[in-house]
Structures are given as structure tokens and as C-alpha cells.
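Listed below are the residues making up each chain.
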Amino acid sequence: MEAVHTLDGVPIARIPLDGRGHRATGWWGMMFFIITEGTLFAYLLFSYFYVGAQSPTWPPGGPPELTLAIVNTVILVVSSIPMRLGTLAIRRASRGALVAWAIVAALLGVAFLIIEATEWSRKPFRMSTGSYGSLYFTVTGFHFAHVVVGLLLILEIVWRALADRVSAARPLAVETVGAYWHLVGLVWLFVFFTIYVSPYLW
Amino acid sequence: MGGASVALAGCATAPSVLRPESAPQHTLATLGWWLIIVGSAVIVIVLAIELVTLRHRGRTVADTPLVASPGSTRGIVVGLAITAVVTLAFFIYSAVVLGATERPRGRPGAKIEIIGHQWWWEARYLGGTPDQAVATANELHIPIGVPVALQVTSADVIHSFWIPQLQGKIDVIPGIRNTFWIRADTAGTFHGQCAEFCGLQHAHMMLTVTAEDARSFQRWLAAQSAPAAAAPPSDTAAAAGGRAFMSSACALCHTVRGTGAHGILGPDLTHVASRHMLGAGAVRNTPGALNAWITDAPSLKPGADMPRIDLTPATMHAIVAYLQTLR
Amino acid sequence: MATATTERLTERLSDLWETPHTLRGVLGTVDHKTIGKRYLVTAFLLLIAGGIEALVMRVQLQVPNNHVLSPEGFNQAFTMHGTTMILWYALPILSGFSNYLFPLVLGARDMAFPRLNAFSYWTFLFSAIFLYTGYAVGLGPDAGWFAYAPLTELRYSPGANMDYYALGVIFLTISSTAGAVNFIATMFKMRAPGMSLGRLPLFVYGTVTASFSIIFALPALSVACAFLYLDRHFGTRFFDPGAGGQALLWQHLFWIFGHPWVYIIVLPALSFMSMVIPTFARRPIVGYAWNALAVVITGILGFGVWVHHMFATGIPPLALTFFGAASMAIVLPSAVSIFVWLATLWYGRPVLTTAMLFALGFIILFVIGGVSGVVTAAVPFDWSVTDTYFVVAHIHYVLIGINVFPVIAAFYYWFPKMTGRLLNEALGKWNFWVMFIGFNLGFFPMHISGLLGMPRRIYTYPAGLGWTAPNLITSIGAYLFAVGVLLFLVNVFWSLRRGAIAGNNPWDAASLEWATTSPPPAYNFAVIPTVGSREPLWEERLGLGRLSRIDEGPPLDSDRVTLQTSTLDGFPAAVQRMPEDTVMPFLTGLAILATFYGLVTTAWWLAIAGGVLTLAAIHAWLWPVRTIREV
Numbered sequence: 303m304e305a306v307h308t309l310d311g312v313p314i315a316r317i318p319l320d321g322r323g324h325r326a327t328g329w330w331g332m333m334f335f336i337i338t339e340g341t342l343f344a345y346l347l348f349s350y351f352y353v354g355a356q357s358p359t360w361p362p363g364g365p366p367e368l369t370l371a372i373v374n375t376v377i378l379v380v381s382s383i384p385m386r387l388g389t390l391a392i393r394r395a396s397r398g399a400l401v402a403w404a405i406v407a408a409l410l411g412v413a414f415l416i417i418e419a420t421e422w423s424r425k426p427f428r429m430s431t432g433s434y435g436s437l438y439f440t441v442t443g444f445h446f447a448h449v450v451v452g453l454l455l456i457l458e459i460v461w462r463a464l465a466d467r468v469s470a471a472r473p474l475a476v477e478t479v480g481a482y483w484h485l486v487g488l489v490w491l492f493v494f495f496t497i498y499v500s501p502y503l504w
Numbered sequence: 006m007g008g009a010s011v012a013l014a015g016c017a018t019a020p021s022v023l024r025p026e027s028a029p030q031h032t033l034a035t036l037g038w039w040l041i042i043v044g045s046a047v048i049v050i051v052l053a054i055e056l057v058t059l060r061h062r063g064r065t066v067a068d069t070p071l072v073a074s075p076g077s078t079r080g081i082v083v084g085l086a087i088t089a090v091v092t093l094a095f096f097i098y099s100a101v102v103l104g105a106t107e108r109p110r111g112r113p114g115a116k117i118e119i120i121g122h123q124w125w126w127e128a129r130y131l132g133g134t135p136d137q138a139v140a141t142a143n144e145l146h147i148p149i150g151v152p153v154a155l156q157v158t159s160a161d162v163i164h165s166f167w168i169p170q171l172q173g174k175i176d177v178i179p180g181i182r183n184t185f186w187i188r189a190d191t192a193g194t195f196h197g198q199c200a201e202f203c204g205l206q207h208a209h210m211m212l213t214v215t216a217e218d219a220r221s222f223q224r225w226l227a228a229q230s231a232p233a234a235a236a237p238p239s240d241t242a243a244a245a246g247g248r249a250f251m252s253s254a255c256a257l258c259h260t261v262r263g264t265g266a267h268g269i270l271g272p273d274l275t276h277v278a279s280r281h282m283l284g285a286g287a288v289r290n291t292p293g294a295l296n297a298w299i300t301d302a303p304s305l306k307p308g309a310d311m312p313r314i315d316l317t318p319a320t321m322h323a324i325v326a327y328l329q330t331l332r
Numbered sequence: 002m003a004t005a006t007t008e009r010l011t012e013r014l015s016d017l018w019e020t021p022h023t024l025r026g027v028l029g030t031v032d033h034k035t036i037g038k039r040y041l042v043t044a045f046l047l048l049i050a051g052g053i054e055a056l057v058m059r060v061q062l063q064v065p066n067n068h069v070l071s072p073e074g075f076n077q078a079f080t081m082h083g084t085t086m087i088l089w090y091a092l093p094i095l096s097g098f099s100n101y102l103f104p105l106v107l108g109a110r111d112m113a114f115p116r117l118n119a120f121s122y123w124t125f126l127f128s129a130i131f132l133y134t135g136y137a138v139g140l141g142p143d144a145g146w147f148a149y150a151p152l153t154e155l156r157y158s159p160g161a162n163m164d165y166y167a168l169g170v171i172f173l174t175i176s177s178t179a180g181a182v183n184f185i186a187t188m189f190k191m192r193a194p195g196m197s198l199g200r201l202p203l204f205v206y207g208t209v210t211a212s213f214s215i216i217f218a219l220p221a222l223s224v225a226c227a228f229l230y231l232d233r234h235f236g237t238r239f240f241d242p243g244a245g246g247q248a249l250l251w252q253h254l255f256w257i258f259g260h261p262w263v264y265i266i267v268l269p270a271l272s273f274m275s276m277v278i279p280t281f282a283r284r285p286i287v288g289y290a291w292n293a294l295a296v297v298i299t300g301i302l303g304f305g306v307w308v309h310h311m312f313a314t315g316i317p318p319l320a321l322t323f324f325g326a327a328s329m330a331i332v333l334p335s336a337v338s339i340f341v342w343l344a345t346l347w348y349g350r351p352v353l354t355t356a357m358l359f360a361l362g363f364i365i366l367f368v369i370g371g372v373s374g375v376v377t378a379a380v381p382f383d384w385s386v387t388d389t390y391f392v393v394a395h396i397h398y399v400l401i402g403i404n405v406f407p408v409i410a411a412f413y414y415w416f417p418k419m420t421g422r423l424l425n426e427a428l429g430k431w432n433f434w435v436m437f438i439g440f441n442l443g444f445f446p447m448h449i450s451g452l453l454g455m456p457r458r459i460y461t462y463p464a465g466l467g468w469t470a471p472n473l474i475t476s477i478g479a480y481l482f483a484v485g486v487l488l489f490l491v492n493v494f495w496s497l498r499r500g501a502i503a504g505n506n507p508w509d510a511a512s513l514e515w516a517t518t519s520p521p522p523a524y525n526f527a528v529i530p531t532v533g534s535r536e537p538l539w540e541e542r543l544g545l546g547r548l549s550r551i552d553e554g555p556p557l558d559s560d561r562v563t564l565q566t567s568t569l570d571g572f573p574a575a576v577q578r579m580p581e582d583t584v585m586p587f588l589t590g591l592a593i594l595a596t597f598y599g600l601v602t603t604a605w606w607l608a609i610a611g612g613v614l615t616l617a618a619i620h621a622w623l624w625p626v627r628t629i630r631e632v
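Residue numbers (our numbering), protein chains in the order written: chain A, 303 to 504; chain S, 6 to 332; chain X, 2 to 632.
Hints in this document: simulated from the structure, not taken from any laboratory. Every residue, glycine too, gets a C-beta built ideally from N, C-alpha and C. Treat the hints with caution; some may be incorrect.
To be verified - Covered stretches of chain X (in silico footprint by chain S; criterion: 3 or more residues with CB under 8 Å from a CB of chain S, positions within the stretch not fixed): (1) 113-120; (2) 148-156; (3) 168-180; (4) 353-366; (5) 459-473; (6) 586-598.
To be verified - Now the in silico label distances, taken between C-beta atoms and shown as ranges: (7) X:A137 - S:D310: 28 to 36 Å; (8) X:V69 - S:A53: 25 to 33 Å; (9) A:P358 - S:A53: 43 to 51 Å; (10) A:G340 - X:P522: 38 to 46 Å; (11) X:G612 - S:D310: 16 to 24 Å; (12) S:V83 - X:T322: 40 to 48 Å; (13) X:F494 - S:V83: 44 to 52 Å; (14) X:A320 - A:T359: 21 to 29 Å; (15) X:P317 - S:D310: 42 to 50 Å; (16) A:W422 - S:P312: 43 to 51 Å; (17) A:T420 - S:P312: 44 to 52 Å; (18) S:G263 - X:A604: 28 to 36 Å.
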């Protein structure tokens, strides 16, 4: 097989391996996974609005307290920054910086979870109290679970970085986990708007 | 389709939606016939085209050379245009029928609250004074020639109220009070049935609507609004049955207006003897069947809430005799 | 290419791609062809299971007041029948064909994510086992495949029956979603060089449109089933009207999923027919762009019609009119597809093979199902026919007509590619006519039963309502239809051993899968083909010249790789390394199965253990190799 094979005039040996960024199949896979997850939350929020629209008073106990939720929103949105810096770090082949930034993002995520759990414990209702309680705890609970999954993924990235399995030549795992983490933050903004802001609007 | 129309017209006993007995169902059935006729024509035309395309067919793949001509998409465009026109016409026609049948014209001749239960229909005639309240089960009476307003809701799961020859369906949904109307333009008794799957005995959740002239209807209403028949002479079996009814489990679930029985789980029995069927169409209302029903309803209608009642044959006979007096 | 070099090449490729015949190989293979065949066999077994459930129901209903089945037995049978056929048969059988054929028609060596592909299959299989566990222990779902709340709430369905439904469905959505992502990525990234979107075989449009619909529709079902499970076991009140919940919330979520799902399980099948019909009409399809566009538009419009399942729920007239209009509008792209096939037949020279007979039968059944669909889209008349046997007739004309008939056609068409042997054509003709006559004899009278006022889902009916004769005819037709399916199975088993040898391209078809051997080698193509037209194997005879190169191209034989191309135009973009076999997708599926058994029995320790094992298995699955081997 000595002949030089070409495709559209490009020798096959010059065609890059796999593909980076949006050229990689893994990137496509994560994008559609994110889209279907986002859709899942769209249906959860649809359910919130649908049940709310059919109810005489909504939320039944008046609009929710905002302080903790605002703090949490800031924490989660800000946590996307170190995640992004970690991605940029591995593209520069700086594995140590990736680990550091990933841990910062994860700590912010843990803080979010603790505050969220605190807020849950302060609610005067439970998920069995009525449809509002069901929706409140299920929607925020689904999001909570997504943050947990995000943390596990970040942990996996740190593990891989320490085991020398990510590099500038293969940053895909970090990029896709970063994309997932941004999704978790983005979805929270919709959850925050729906559950905390919308009751003050109408 | 020819066979279909024969079958639809020929079956005199069937509650066919294409054999309307009311003005609104007549409108719906006319729309239905047009859909069936045009639809059948479409099927026949496509079948014909398909057969014509086989006119110069090849025998095997190997001895049929490829056709290289590009072919024309004009047929596709024409077909699409015709489909669009026909569909649009039916959309407009349906929208007109929707507007015409959605609300009744004229003052309702009766107002009835329909409550679906697993698996029977509770009907309460509204508008009378409280002591005239008419509550019955599974067998409605309505006056002919006027709309009858219905408010429908459910005590448990979703059901659907449907009298095929009189009107379309309305779902009977817990937590929602839907408004609906029916009308009959000929006298008669019309079959109806729950149309939404509602559990074990969905098949035995039937009802009938008896349409009668205004005078007969008012007579029926007056009879139904009366409290239970006066207590019979004390020496009869019926009197003993009445006492047994009141002192046994019966009165916990059933109401007999004018007596001490105020239960609300089962059908109102104030005029149970005037009804033709038991258990929402499960069995005919004869003394023997009534006895069997009370003794062992679960074997006649598995899953029904009506329990087995363990009483001596004499007591059972007495209770049946008592219920027979509730005309 | 000299023969010796060719031999060395195929040997090297076999070493790289073939799965060893060991237990580890069986559980660990990621070969899309093996996975595709497994999908086909499993889904067909489920079709038989669902068919037996249907036959038992037809025995019960063939005469009035029958007692072959108890009410509970009937309710479980019809629920299992609907759930099995619509969710566990109809999509997986199409995924089987698409899995087997996607890389072959696209000119690639495997799917974009071979391991995810194996995972899709295992979760499909395990979710089916999970669902049927419930049925086997007497706890089969019994509230209908549509599972309307509040009948499914603990109060009205105290057994675990509907837990098997809710959890089984969530389990299956994992499989379907993974499969959909895979088809989309494969279509966009794994095409042979030169295969721009305008040269895609029409086959691909259906599956990819369906996959997009899955991405957007299935989460609604997952949410609904999660709510149901939470209501039943964690005291939430989503569907409890007594506590502010809404019975109709279920219906909205369910049909937002449910109607797109109808298109998800028919669009790929329609696209199969867009391959079969041109092949046997002996000409390229007339109106390629029309057909491709019609499929995509149907998929999109499918999201705007869910309320037509709820016309009788008391929705305001304006909304009814809107959804009636949307439901009518969806007729138009379907009509375009019909006219495209008719035009192709018109300008072609049809050859009546068995596959073609099934395709021609399918067109008629599609039209009948479409017409009865228009009948139900006419809102006021829908009030008369909804929830009656008329709708049962309609959905079976749609689902059997537009799914089962194309599937059998596809078997007759692609069986030779998969096995190297042709199905028997003489038996095939019998197969077609028995199925076609049996089907119409069975299901056409259901239109009449429905118009005569017979509601759906009743386990028995009284004599004297005029329903006796049509029900008897329906039962006879159903038995005949079953005989037709049996003839198909006989043909398969006979032909596997004695069928005529197929050769590469027994139908003289145009697309790439027919360029390789039957069955294809593990690596599909020895060299990566280059595509220059829509009909690469016909182009010279169509007078287009030699635009494609099938037998020459880069061998990509230094590693387990295939070519990745650009999204729109199919320019070579990268050499894609493909993963080795692994048992991890199998183990992940098994761990998820354990989780779901834990959830259904409320053995929380098992659910938690299963969840932890799932995470561990995924970690092991995705753990990267240390070195990057260069090509």
C-alpha cells in the first residue's frame, strides 16, 4: 500500500486525527444531550405554569423569599468562569491550572447545593402539601440532581488530569464537561425566573 | 364503502353515530358522511392510479433496464393543490359545524348535573327546590325538542359522557366542571356508554337517555322528586325489608329520600324500582336479579364497590320486596 | 489493486475490526451490524408478544358477553399490547434497520458512537425485560398505554402495575435518546466524502427527522412518568385535583410526546419505502427534494397537533379550531410523499417483487389511514368517533400500514444484504396477500364498529347493539393476519438455510450498501468510497458518467479508523478513531436494570447500589486509553 491516497487532493496523512471543538463527534453528542436535557426542563417549567394558570392563587403561600435564591444564582453563574478558565488552561497544556480551576468551580457548586438544601429545609411546606410544593421541590430537585451530576463530571476531569489522560491534544472531555456545567447554570436561570421572579410579575 | 353504508344503515338496533336522533347529531353525521364519501373517493382514486402505474411493468429486476428520464413533478404539484383545496374545504366546514353545535340554541328544557363514578353515572336534576331534588343513576329522562344543559364532573377518575345518537362526547374529569348539552328530537330510549377507559369495569358503565314529550317528562320529574313511597303496612315482607335496609350496611352507602338512609357512596335508591337496569347496564332490574345483585354483586360486576352482603334468604327476600316498592 | 495486496488489506482490516467469538465478544461488540440485527430480532420478538396479546383480546371479543379473559386480564392485555407495540416494537425495529444500514448507506465503517450504540441496544433489551417482569408476575400495567391520570394514581391503581409502566418507559427513553443522538451525529459527521446533504439517500431523512423529534419530544414523557412515580411513592400531588393538581397535566405532557411519537415511528419507515420503491420502479425517485422536505415538515408539524387527542376534554372552541387546522395541515406533506411515490411508479417500470408488493400495499393503507386521520381532525365529528373503534381502526391503519408493512418490505429488501441469502419470493407473495387481506378484513370493520357506537377498551359488550357481526369479522381477520406473520417467519427460517445466494446487489439497487458484500465484512468497506451523485451504483447507466469512486479510495487500514466529513458538504475533515469492543455498555445497562428493579420494589438499597454501579460502569466505559496512536 505504497500509493499516496488523496481525498479532494489532500493526502490522507495530512487530514487531522479526530477533530477538535465542534468538529469532534463527541462535541455533537454532548450538544444534543444538552438540548434534550434543556427540553426536559422546558417541560418541567411548562408543568409549573400550566398548573399555576389553573389555580386560583399561585403560589398558594405568596411569592417565595428571594435572598438565598439570588445568592445561589450568583454563585452558580460565577462558577462557569473558573470552568471556562479550566478549559482554556488545558488547551494551553496547563494541567495544573485545569485542576485548580476545576476545583474552584466544584467548590462553588458544592456551596450552591448547601444553600439550596438550607432553603429547602426552611420552606413551610413539603412536596406532599399540594401541587405547588410538588412542583417546587421537583423542579429544584431535578436541577439539584443535575448539579450533582455536574460535580461528578468535574471530579472525573480532575481524576483524568491527575492520571495524565487529558492534554492539549485531547481537550474534548474538558470541553464537553464545561458545556454541561454551563447548561446547568443556564437552566438555573430559567428555573430562578420561573419559580422566584415570575410570582412577582403577575 | 358500499358494504359499510349497508352495514351502518341496516343495523337497526345499533347506537350508530350516523343514525342521528337529534338536531346536533344530525349536523355531525352529515359532516361525517361527507368525510366518508370524499375519503372513499380519495382511496379509490389512489388505488386506481397505483394500478395504472403497473400497466407497463417489468418482469424481473434483471431484465428491466433503468429509466433515465427525469420524470415530471407536475403531478406532485397538482396532487398537492387538490389535497390542499379539499382539506381546506373540510377545515372550513368543520369550523362552521363547530360553531353551530358548540352551544345550544334556545332555553334548556332541563339542567342536569352528571357525576361520573367508577363505574356508574350519578344524575342530579338542577333547578328544583331542595326538597324536590331529583337524584337518579344511569337512566336519564329528558324532554324532546329542546336542548338539555349538562354540567359534568367526576368523583374519581376520568370518564367520558356519550350518547352516540344524540351528541358527541364530553370528558368527565375530576376537578373540572365541563358544560355540555344534549338534545333529542324523537321520543325513545337511547344507549350511551362511558367512552374513556376508567378501570376494571369500563365496559359496564352504560347509561340510557329516555326522551319523551314535555308532559311525560314533567310527570316523571314530579314522581322522581317525591320522597320514597310511604312505608307499607307493617305486617308485609316489604316493611321488614325496609327495617332491615335501614339497620344493615345498605343505608351507609345509599340514600332513600324521606327515610333515615343518607349514604352517598352508591346510587340514590329513592326510586330504584323505576329503573330498568342495575349496575350501570350490568344486569336487568328484576326481583331475581336484584336479589342476586345484593347477595353477590362482585361476581356479576367484578371490581364494583358494592360488596357481598351476607344475610339470611328471608331477610334478603324482604329487602328485595322493600326495594320493589320504591317506584 | 493487485489481488495479493487486496488480500493483505482485508486481512489487516479484519484484524482491526472483527469481534472475537467469545462471551466477551458477544457482550462487548460494538459492530453496528450485529447491534442492528439484535435490535431487529428483539423488536420482532416483542411484535410477536404484542401480537399474541392482541389475539387473546380478539378471542375475548369475537362474541358478546365472553369470559375468556377476566376484566383485569383484558386490561393488562390491551395495555401491554399498546405499550409493547407503540414503544417497544415500533421504534426499535426501525432503529434496527437504521443501525444496520446507516454506516452502509453513508459509506462509513460504523456509527459515530459505537459504544453508545451498544448501550442503546442493551438498555432497550433490559427495559423490555423489566416491563415484561411486571406482566410475568401478574403486575402488568393495566391502565392503557396512554395511562391517563388519575386512574394511574396509587388510590385507583394500588398495585405495582403502573410502576412497571412509569419506570419501564423512563428506562426506554434512555435507550431511545442515546440512539437518536447517535443517528444525528452519524448523519452529520460520518458520511462518505462527496455525500453532501443533497446526495443523502432518502432513507436517512426519515430516521434523522425522527431522531430530532425524539430529542424534543421524549423528555415530555420522561417528565410525565417521573411525576407519576413521585405521586405514587413520594406523596407529590401533580395529578391530584383535590390538592391543586391537574388531571389534564398528564394528558398535555403525554400527547406533546405522543403525537410526535407517531411520526417518529412512521417517518423512518416511509423513508425505507423511498429506497424500495425507486429500486423496483427501476428509476431514480421523482421529486427527491419534495420527499425530503415533506418528511422534515411532517416532523416539525407533528409538534403542533397534540391537542387533537384531547378534543373532548372541554377545551375552548378557538383552541379546538387551531389544533384542528394544524391536524389538517399535516395532511399536506403526507400527500406530497404519496404523490412522489406515485410519480416514481408512473415514470418507472415497476417490478412486482415481494418487497414492492408490500410497498404498494403500504401506499394504499397509508391513504386509508390518512383519510381516517382527516375524519378525526374534523373536530365536531371527532367528538363522535374519538375513543371508539373507529380510532382503533385509524391507528392500526397508520401503525400497521405505515410501520409493519414497510418493515416487512424492508426485511424482504435488506434481508439478503444482512444474511447473504434471498427470502423466498413465492412464499413471499403468499405472505403479502395473506397479511394484506387479513389486515383489511380485521381492521376495516373496526371503522364500522366505531361508527356503530362501540367504545374502545371495553373487555366485553352486550349482544343486541349491532356490534356482534363486525367483531366476529374483525377477529377472523386478525387470525388471518397472524397467519400472514407466521408465513413471514417460516420464510425467514427457511431462507436462512436454503435461500438463494444473494450476491452483492441482488436488486440492482443504487445506494452504497449494495456495493459491499452480502453480508458485509466487519469493516463494511475495504476502501472509503467517494460519492458523486445520488445514485452512485446507477450513475453510469443513467448517463451521468462516473462521478463516484466505489472500489478505490483510502484504505485507512493502519488503525481502527473511519473518515469524518464536514457537516453540510461532506468534505473530508478528519480521520476518526473508533473505539474497541467493551462490555461496559452492557454492564452499565445491567446496573441501570438493577436500579429500576430497586425503584419498582421500593428496595431503596438496591436502587442506590444500582445507581453507584451505573456511575462506576460509565466511568470505566469512558476512561481514555493512555496513548494516542497516530494513523
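task: Go through the numbered hints given earlier and state which of them the structure violates, listing their numbers in rising order.
output: 1, 3, 6, 8, 9, 11, 12, 15, 18
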